[in-house]
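Please work from the sequences and hints to get the whole structure.
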Amino acid sequence: MTEGSETPLLELVDISKSFGGVQALRGVDFSLRAGEIHGLVGENGAGKSTLMKIIAGVHHDFQGTMRLDGKPVRFRSARDALDAGVGMVHQELSIAPELTVAENVFLGSQPVTKLGIIDWKRMVREAREHLAGLGIDVDPTTTIGLLPIGLQQLIELARVLFSGARIIILDEPTSALSPPEVELLFATLRKLRESGRSIIFISHFLDDILGISDSVTIFRNGEKVLTSPVSKIDKRKVIEQMIGVGHRELEESYTGDIKLNTRFDAPVVLETENLSIERAFHDVSIKIRAGEVLGIYGFMGCGQIELARALFGKLKASGGLMLEGKPIRLPRTSVAKELGIAYVPESRRAMLFHHEPLYKNMSISILERISRLLLKPGAERSIARGHIDNLRIRTPGADQLLGNLSGGNQQKVALAKWLTHAPKVLILSEPTRGMDVGAKEDVVRIVRDLRDQGIAVVVVSTEPETVLSLADRILVMKRGAIVTEFAGDTVSKDRLLEAA
Amino acid sequence: MAETGTAAKRRGGFGKWFSSQLRNIAPFLTLLFLVGFFSIASESFPTLTNVGNILNQISITAIIAVGLTFVILTAEIDLSVAAIANVTGIAVAFFTMQEGYVNIANVPLPGLVAVVVALGVCFALGLFNALGVVFIGIPSFIMTLAMMQIADGMSALFVRGQIAYAVPELVTFLGSSTLGGIPVIVMVAGVFLLVAHLVLTYTRFGRYVYMVGGNREAAEYSGVNVKFIVGAVLVIGGVCSGVAGMLGVAYFGSAQQNEFTTYLLDAIAAVVVGGTSLFGGSGGIGNTIVGLLVLGVLNNGLDHVQIDPFLKTLIRGLILLAALVINVYAQQLRSRAEARGD
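Each protein sequence line maps, in turn, to chains P and E.
For reference, each letter of the first sequence is one residue, going 1 to 500 in UniProt numbering.
For reference, each letter of the second sequence is one residue, going 1 to 342 in UniProt numbering.
A hint or two may mislead.
To be verified - Here's a subset of chain E near chain P, in silico, CB distances under 8 Å, partners left out: (1) Arg204; (2) Ala218; (3) Tyr221; (4) Asn225; (5) Leu278; (6) Ser282.
Unchecked claim - The list that follows gives simulated cross-link-like pairs (lysine-lysine, DSS-like), each with its CA atoms no further than 30 Å apart: (7) E:Lys227 - P:Lys316; (8) P:Lys53 - P:Lys259; (9) P:Lys232 - P:Lys191; (10) P:Lys314 - E:Lys312; (11) E:Lys227 - P:Lys326; (12) P:Lys376 - E:Lys227; (13) P:Lys287 - P:Lys440; (14) P:Lys71 - P:Lys114.
What the hints contain is simulated information worked out from the structure, not anything from laboratory work.
Small disclaimer: the values here were computed from a predicted structure and weren't measured.
Beta carbons are placed, not taken as given, at the ideal position from N, Cα and C, and that holds for glycine.
Structure follows, in structure tokens:
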């Protein structure tokens with residue numbers, strides 16, 4: 001740090017950490033001053049979460065030194081870190097929704113009377129005082145699950161503070177919040193800063209990071225790229241540093257302009273009108289065209305997964321749905337399937353039967369087409385063998401149990417389920433997650449093939465590369481709404497990130 | 001079963017094959033052990049007549065267990081099977097002309113009509129279970145627990161503490177007569193087991209039952225109508241129980257309350273001891289047959305050896321516990337294999 005004449009509150013020097021051969025962090029330095037809000041940005045897998053988990057005591061076998069108040073420390077557990085004054089608020093809140101606000105604030109440290117019974121009066125009183133001190137006006141006897149998510153988050157923050165934290169790590173605190181809730185959170189954070197506490201703020205939302213932080217640190221591929229005061233950097237610069245413009249990456253980096261082959265003239269297959277699910281997404285009106293890959297990009301929790309599920313009848317949404325011009329309803333997934341809508345979820349576990357042979361995994365979604373009453377295992381096996389060849393699935397045969405295949409090959413099986421009889425609409429959620437480069441190329445090839453057959457393909461992803469490598473048109477979702485469309489022109493990764 | 005067994009054998013060596021087949025092997029070894037033990041311990045046990053006795057004794061349980069196998073394969077449970085059997089048996093008697101000394105306000109109908117009405121009763125109760133579980137979302141454990149009480153309550157209202165004896169001829173024939181020296185009820189049980197096996201193994205519906213039990217979420221994402229399958233197995237459970245109840249009334253020679261109480265645990269025990277997973281998705285009628293024989297041999301054999309009659313229930317409980325331990329252990333082996341394979 002340039003202004004580092006004083007000792008930093010927290011200092012990490014030359015931190016490295018690997019997970020079974022995968023280097024998550026390489027020689028990272030990081031320091032945090034008292035009374036500072038420090039933003040942390042980087043792409044998925046850049047190493048910021050790993051570093052935070054080291055600071056919060058979740059990971060303890062790492063190389064390097066960590067110093068708190070100038071003294072070397074190494075936390076053995078999250079509890080240990082909290083005792084030393086380091087607390088973390090995770091993206092998934094760890095509140096007990098059925099309990100009251102007061103009980104949640106005091107979770108694990110309830111005040112007791114001399115008899116060892118919980119002192120309810122004192123608990124409620126102290127909770128009220130404590131929350132008021134943070135500017136949170138809420139009745140401590142309310143059941144916390146009934147409050148808006150923003151307030152729940154503030155109360156979890158209050159609990160971390162109440163256990164004496166001087167350093168608070170916030171992981172994606174704004175992703176589920178509405179703009180006024182974000183303002184409330186920021187007001188609270190400013191108050192904490194004035195009282196001398198330090199905050200580490202991790203987020204994909206660069207506007208939020210730049211709006212509240214004093215300084216920002218950028219990670220890329222397990223290394224720290226840059227730490228800068230917020231006043232000396234802007235959003236463009238942050239994005240450039242995050243994705244590494246000028247670096248020769250081994251993989252395609254998608255930094256240049258990518259031409260979108262949008263087909264404005266193709267017939268609309270599926271259309272939504274003001275589709276909404278409360279707390280997930282709202283007023284989504286989109287047109288999905290035949291022979292086109294529509295990419296829907298957004299950060300984790302922006303509502304795109306719920307949207308995809310609603311299009312397959314897995315979640316019930318309000319609003320209108322039209323298939324080839326006719327209004328439809330999707331009360332369950334079997335109805336969507338009959339109408340020609342197919343869906344591959346992001347988790348293989350949610351799509352596949354691990355103890356069943358490959359051919360049964362592939363035939364499950366087309367059984368009514370190949371057998372009225374009795375099964376035809378011969379037909380199932382020959383269909384499966386066709387897919388194994390076409391999709392280059394590595395397996396000894398169609399009778400192999402699915403659980404014996406590698407992850408990438410399992411993903412292909414999940415896709416194969418829908419390819420025997422081409423659907424009208426194919427929705428793919430995170431189709432390349434966790435795949436190696438070769439398997440990713442296979443998926444790109446398969447998806448392009450399907451598109452060229454006239455199938456309307458929807459690709460939903462939180463990874464910009466996935467959307468950029470597949471889509472002919474891209475919609476960007478942010479906090480439950482479609483905010484930007486890239487069509488007909490060119491797009492680049494930095495512009496995509498800027499829009500989200 | 002056999003098919004995946006040999007495939008696994010070719011692939012991964014004996015240890016892997018054994019752990020994947022533990023669920024099927026253990027019940028079979030238990031059966032062999034029990035047969036061997038009682039054959040040595042008692043001279044009257046290993047006779048052809050006694051084999052007939054055992055088959056006769058397990059027939060009612062077998063018909064109930066057929067329905068329960070479908071239910072447990074989808075990872076649901078039906079605790080109302082015995083109560084539905086009871087009320088259906090009572091219903092068929094209620095709609096049959098009774099002797100003058102039977103003090104029941106019965107409604108005599110022609111024999112076949114009485115049978116159809118009784119079948120309607122068990123179908124309706126099974127459907128009621130299905131609606132509660134599928135549409136309201138009540139866990140099947142709770143829904144069928146309530147149904148157990150409802151069906152018992154209906155039984156009580158039908159007979160009001162009395163006993164009825166007469167049932168339609170068809171029911172008498174199926175439940176308590178013999179054909180060529182073989183009890184007809186054994187043949188009926190055999191037909192139920194065979195048809196259920198064919199349905200589970202060779203039909204699309206049967207495949208869906210296994211897939212829904214194996215991974216309900218994946219079945220839903222594959223466009224399977226999961227609610228229909230779960231509802232259907234609960235209706236099958238109700239109808240199988242009802243048929244068992246009607247034949248049981250003929251078999252016992254009377255229709256009265258609490259006649260089938262022990263059959264709930266016997267049927268669940270037969271399915272689970274046989275190795276069908278309580279977590280759904282694996283097992284089948286073959287397993288249920290082995291489970292029925294284990295229970296039948298155990299119940300029968302304990303009568304042939306010199307043993308404190310008050311000890312019998314305890315021994316049965318311990319055998320059931322051992323089977324459950326193996327069932328859960330096999331599931332853990334399977335989950336571990338899955339974690340490695342993923």
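Problem set entry | serine 282 of chain E as an interface hint toward chain P, with CB separation required under 8 Å | 7 Å, holds
Problem set entry | Interface restraint verdict for asparagine 225 of chain E against chain P (beta-carbon cut-off 8 Å) | 4 Å, holds
For this session: Go through the hint on arginine 204 of chain E and say holds or violated, using the shortest Cβ distance to chain P against 8 Å.
Result: 5 Å, holds
Exercise. Regarding the hint that tyrosine 221 of chain E lies at the interface with chain P, is the smallest CB-CB distance below 8 Å?
Worked result: Tyrosine 221 of chain E check passes; min Cβ-Cβ to chain P is 5 Å, inside 8 Å.
For this session: Starting from lysine 376 of chain P, check that the Cα of lysine 227 of chain E is at most 30 Å away, please.
Result: Holds, because 24 Å separates the two Cα atoms, which is no more than 30 Å.
For this session: Identify whether the interface hint at alanine 218 of chain E stands, where standing means a beta carbon of chain P within less than 8 Å of its own.
Result: 5 Å, holds
For this session: Starting from lysine 232 of chain P, check that the Cα of lysine 191 of chain P is at most 30 Å away, please.
Result: 24 Å, holds
Problem set entry | Restraint check for lysine 53 of chain P with lysine 259 of chain P, where alpha carbons must lie at most 30 Å apart | Violated, because 39 Å separates the two Cα atoms, which is more than 30 Å.
For this session: With chain P as the partner, please determine if leucine 278 of chain E meets the hint condition of a C-beta pair closer than 8 Å.
Result: Constraint on leucine 278 of chain E not satisfied, violated at 15 Å.
For this session: Sort out whether lysine 312 of chain E lies within 30 Å of lysine 314 of chain P, counting only the CA atoms.
Result: 50 Å, violated
Problem set entry | Proposed proximity, lysine 326 of chain P with lysine 227 of chain E (alpha carbon, max 30 Å) | This hinted pair holds, its Cα atoms lying about 26 Å apart.
Exercise. Does the alpha-carbon distance linking lysine 287 of chain P and lysine 440 of chain P stay inside the 30 Å limit?
Worked result: Holds. Lysine 287 of chain P to lysine 440 of chain P sits at ~27 Å (cutoff 30 Å).
Checked against the numbered hints given earlier, this structure breaks hints 5, 8, 10, 14; the rest are met.
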